[in-house]
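Using the hints, position chain B against chain A.
These protein sequences, in sequence, are chains A and B. Position 89 (the first sequence) corresponds to 89 in the working numbering; numbering is contiguous. Position 79 (the second sequence) corresponds to 79 in the working numbering; numbering is contiguous.
Think of the hints as simulated: they come from the structure by calculation, not from any bench. Keep in mind that a hint or two might mislead.
On the chain A side, residues computed to face chain B include the following (Cβ under 7 Å) [to be verified]:
id: 1; residue: E43
id: 2; residue: P44
id: 3; residue: K99
id: 4; residue: F102
id: 5; residue: T104
Once the Cα atoms are required to be at most 16 Å apart in a straight line, the calculated EDC-like pairs of lysine to aspartate or glutamate come out as [stated by the list, open to error]:
id: 6; chain 1: A; residue 1: K45; chain 2: B; residue 2: E109
id: 7; chain 1: A; residue 1: K2; chain 2: B; residue 2: E44
id: 8; chain 1: A; residue 1: K42; chain 2: B; residue 2: E109
id: 9; chain 1: A; residue 1: K99; chain 2: B; residue 2: D57
id: 10; chain 1: A; residue 1: K99; chain 2: B; residue 2: E44
id: 11; chain 1: A; residue 1: K99; chain 2: B; residue 2: D56
id: 12; chain 1: A; residue 1: K109; chain 2: A; residue 2: D39
id: 13; chain 1: B; residue 1: K78; chain 2: B; residue 2: E11
id: 14; chain 1: A; residue 1: K109; chain 2: A; residue 2: D7
id: 15; chain 1: A; residue 1: K99; chain 2: B; residue 2: D30
id: 16; chain 1: B; residue 1: K68; chain 2: B; residue 2: D57
One-sided and incomplete, this derived list gives chain A residues near chain B with beta-carbon spacing under 8 Å [claimed, not checked]:
id: 17; residue: N98
id: 18; residue: L100
id: 19; residue: G103
id: 20; residue: G105
Treat the numbers as computed from the prediction; the structure is a model and nothing was measured. Beta carbons: idealized from backbone N, C-alpha and C, even for Gly.
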Amino acid sequence: RKEVEQDPGPFNVPEGATVAFNCTYSNSASQSFFWYRQDCRKEPKLLMSVYSSGNEDGRFTAQLNRASQYISLLIRDSKLSDSATYLCVVNDPTGGGNKLTFGTGTQLKVEL
Amino acid sequence: DAGVIQSPRHEVTEMGQEVTLRCKPISGHDYLFWYRQTMMRGLELLIYFNNNVPIDDSGMPEDRFSAKMPNASFSTLKIQPSEPRDSAVYFCASSPRDSYSGNTIYFGEGSWLTVV
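With the rest of the complex left out, here is chain A (with noise of 0.2 Å):
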């Protein structure tokens, strides 16, 4: 089992709908976790923070479950400019908790 796993899409979505990406993790001993958006050809940039009580930032609403050891990213009134991959990251808690597990992303592709 992979330790990050995502859909890889690609969601292909009209603008202004609501899109929702999910992402698991095999290691419960996993103490941090992150949404990284990826533009075409470019380096990652971190999204955001996902906290256990769950948190937004404007359209995007991360979650996250524990117990299923499952996160998602919601995304409201998508706009042309959120097409890109976006990865779920876990940090890996062996070696201090520095290395943190990228999934392999999930493209989002926002349509007129």
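Okay, now just chain B, sitting in the frame of chain A:
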């Protein structure tokens, strides 16, 4: 402020040649990471350093790969000899001291390597 700087941005080399990728982390960051990204395997951590000392190199695929960090402002990732399956984007990233949280990891723009 300058971000993580990598060079070369693009390299095409022949199988069997030595490849050296370079990275300058953000000044003041104590951690440096080398990642490799391919379509099939996504982003994989190869090795990371803390205060110039290699902490975990379990992701280095084989002896053909080596990484060094001679000082706080410079690191290299070397592949010798290179093989076509090494073709990938190699990212360097750095983060400051208290980097238990990923929101402090900053990636360079990557080095796009093609081995023919």
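Violated hints, by number in ascending order, as checked against the structure: none
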